[in-house]
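Line by line, the protein sequences are chains A and B. Heads up: the first sequence at position 37 corresponds to 42 in my numbering, and the numbers run straight through without jumps. Heads up: the second sequence at position 60 corresponds to 171 in my numbering, and the numbers run straight through without jumps.
Quick caveat, the hints were computed from the structure, so don't treat them as lab data.
Okay, derived cross-link-like pairs now, DSS-like style, lysine-lysine, Cα gap no bigger than 25 Å in a straight line:
1. A/181 to A/19
2. A/48 to A/19
3. A/181 to A/46
4. A/19 to A/46
5. B/147 to B/136
6. A/46 to B/136
7. B/136 to A/181
8. A/19 to B/136
9. A/95 to A/48
Single-letter residue listing:
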Amino acid sequence: MSVVNYGTREITCKIVYYGPGRSGKTTNLQHVYSQLPEERKGKMVSLATETDRTLFFDFLPLDLGTISGFATRFQLYTVPGQVYYAATRKLVLQGVDGVVFVADSQSRQLAENIESLQDLHANLADEGLDPRTIPLVMQYNKRDLPAAEISSVDALDEILNFRGVPHYSAAAISGKGVFETLRSISTLVLARLSAPAAKGS
Amino acid sequence: MAKKPEKQAEEESGEFADFLADVSKEIAQRVESLDKRATPAATEKKKTPIVADAGIIVEWPNVADRMIEEIR
Chain A
6 MSVVNYGTRE ITCKIVYYGP GRSGKTTNLQ HVYSQLPEER KGKMVSLATE
56 TDRTLFFDFL PLDLGTISGF ATRFQLYTVP GQVYYAATRK LVLQGVDGVV
106 FVADSQSRQL AENIESLQDL HANLADEGLD PRTIPLVMQY NKRDLPAAEI
156 SSVDALDEIL NFRGVPHYSA AAISGKGVFE TLRSISTLVL ARLSAPAAKG
206 S
Chain B
112 MAKKPEKQAE EESGEFADFL ADVSKEIAQR VESLDKRATP AATEKKKTPI
162 VADAGIIVEW PNVADRMIEE IR
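Next comes chain A alone, as it looks inside the complex (with noise of 0.2 Å):
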C-alpha cells in the first residue's frame, strides 16, 4: 500500500492490531472511536459472533483531515484472533503499513501469544513483507489483572519482543496505553515516509 502519494496529495496508512484470540484488540480500537470528536465518527465495521469474538475483522476509518497539504487518512484493522481464521488474518493483512501486536498479559495465555507471533511472522512473508522490519509496536495488555495472574512486562518483552521494539503496557478496557501505542505506530509508519509516490503507487 502507498504510505504517500504526492499526486493525489493523500496520506493513507493501514495499521493492523494482530494478537491471539481474546488479548484485546477489538477494545483497542472501540477505546479509540469512544474518543474521536462527534464530527469525526464514521463508522467502525465489527462483525462479532454472539459471544462477541471477532468473526471476520473490525475496520475503524480514521480520517484526520488535510495535514501540510495531504489528505490523511489511518485505517485500523484487527484480526480475528483464533487459530482457524488463518486465511482471515492473511487477506487482512495485505498491504499493511504497520502492526501492533496485541499480548495478553495473562501467564497462562503465553503460549498463545507465541503462536499467534509465529503466525503474524509466517504470514507477513507470504506477503512479501519482512516481519524484521515492518513497522512494529508491542502492547503488553490487561495489565490491570491481579499480579499473580501477569507475566511481568520483563519477562514478556524477553519471550515476545526480540526485535526490541517500543512496548507499552495496557489496559485497553480502560483506554490505558491505547493512544501512547497508536501514536508510536503512526510515528514508525510514518517515519518511513521516503520517497514521493510516483504515479499513484
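Take the given structure of chain A and dock chain B to it, following the hints.
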C-alpha cells in the same frame, strides 16, 4: 503549512486531539524533508544543456526531453 492541523487539534480535546497534534507534527516534518529532497531533482531536469563550445550542444538527450516537454 502545519498551522491548520494545529488549529484543528486545539479545537478538539482529549486523547484524540493529542494524537492528532503529534501526527500532524510528524507529517509536517516528513513532508518538509521530502519537499526539500524532491526540489533539486525537479530543477536539475530543467537545467540548460551544457555547451562545451559555442554552438555545440553536447547533451542531446536533455535537449530532446525539453523539446518534447515544450511541445506538450
